[in-house]
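Count along the sequence shown starting at 1, add 948, and that's the number in my numbering.
Quick caveat, the hints were computed from the structure, so don't treat them as lab data.
Take the hints with a grain of salt, since some may be wrong.
Said to hold, decoys possible - Capping the alpha-carbon separation at 27 Å, the derived lysine-lysine pairs in DSSO-like fashion look like this:
#, residue 1, residue 2
1, Lys981, Lys952
2, Lys981, Lys967
3, Lys952, Lys1047
4, Lys967, Lys1002
5, Lys1047, Lys1001
6, Lys981, Lys1047
7, Lys959, Lys981
8, Lys959, Lys1106
9, Lys981, Lys1002
10, Lys1002, Lys1047
Claimed, not checked - Computed beta-carbon distance windows for the label pairs:
#, residue 1, residue 2, range
11, Asp1010, Gln957, 20 to 28 Å
12, Thr1113, Glu1032, 52 to 60 Å
13, Ser1092, Ala1051, 47 to 55 Å
14, Gly984, Thr1029, 21 to 29 Å
15, Glu1034, Phe953, 25 to 33 Å
16, Asp1013, Glu987, 24 to 32 Å
17, Glu1041, Lys1106, 51 to 59 Å
All C-beta atoms, glycine included, are put in the ideal place defined by N, C-alpha and C.
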Amino acid sequence: MAAKFTPSQAKNFIRRSLKGVHDPQPTRAEILKLRGHFEERCAFCSVELPAGKKGFHLDHLDHLDPAGPNHVSNRVPACATCNEVEKRELPWEPFLYDKSPSAVVYVTRRSRILAWVEQTASLRRPLPADALRAIRLEEARAISTYEASLAAVRAIVKHANATPTARATDEASLTLWDLYAVVNLCALRFDGYAYEAATGTPMWRLADRFVETRVFSAEQNENHAAFFALQRHLFKWGGEQLPTTWV
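Please take these sequences and the hints and turn them into a complete structure.
Structure below.
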């Protein structure tokens, strides 16, 4: 039986897939070079990590590197115990000090790590701050869109499976049109913030007023048209307007 794919897993996959574009993992050639530099040993405790054996991990020196933590200059080989059990999110230098049996060993291991960083740092091409901000915006928008679509699917299924009595009761169940409008607000408002930042026009406030006054009923076609005009403007959406009789 196939494993359940949860919404949190889906959102994590979206983030990771986007991150792989702007902050990719080291290549096979880079990993081979790294293994050679550290002589097939853990950078922190020097336990052997022979090729082909389980237990080899690529640890991050700085998990919060603003330029993107996955570059090979920010990675060192680590055993499973150091990476998964002991170090985890700790700063690498104090951890390395605790793992070293003497000051001489600490200096030797630290020098090897710093030499690796120096050798590979020149290969790094950090993205400018404005590009990173734009990427964060796109990541947030992707998650926002997924959450809106998830809410829409759940609401539509619930509505479709409701009894005729429950479906006919407006207080118990919104119309599908209302559901569509409300769940799309998340993505609409998010894009509206981006639009406002770019143009100075507070487009999202219009959408807020629509929802606050609940004008998304099936009878108010003018407001539906206004909503879709706004949506098309923000999303460059060219689809046809949906019908207004979804109850």
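Hint by hint, here is what the structure shows:
{"no.": "1", "hint": "Lys981 x Lys952", "result": "violated (38 Å)"}
{"no.": "2", "hint": "Lys981 x Lys967", "result": "holds (23 Å)"}
{"no.": "3", "hint": "Lys952 x Lys1047", "result": "violated (40 Å)"}
{"no.": "4", "hint": "Lys967 x Lys1002", "result": "holds (26 Å)"}
{"no.": "5", "hint": "Lys1047 x Lys1001", "result": "holds (23 Å)"}
{"no.": "6", "hint": "Lys981 x Lys1047", "result": "holds (24 Å)"}
{"no.": "7", "hint": "Lys959 x Lys981", "result": "violated (33 Å)"}
{"no.": "8", "hint": "Lys959 x Lys1106", "result": "holds (22 Å)"}
{"no.": "9", "hint": "Lys981 x Lys1002", "result": "holds (19 Å)"}
{"no.": "10", "hint": "Lys1002 x Lys1047", "result": "holds (21 Å)"}
{"no.": "11", "hint": "Asp1010 x Gln957: 20 to 28 Å", "result": "holds (26 Å)"}
{"no.": "12", "hint": "Thr1113 x Glu1032: 52 to 60 Å", "result": "holds (54 Å)"}
{"no.": "13", "hint": "Ser1092 x Ala1051: 47 to 55 Å", "result": "holds (51 Å)"}
{"no.": "14", "hint": "Gly984 x Thr1029: 21 to 29 Å", "result": "holds (22 Å)"}
{"no.": "15", "hint": "Glu1034 x Phe953: 25 to 33 Å", "result": "holds (32 Å)"}
{"no.": "16", "hint": "Asp1013 x Glu987: 24 to 32 Å", "result": "holds (25 Å)"}
{"no.": "17", "hint": "Glu1041 x Lys1106: 51 to 59 Å", "result": "holds (53 Å)"}
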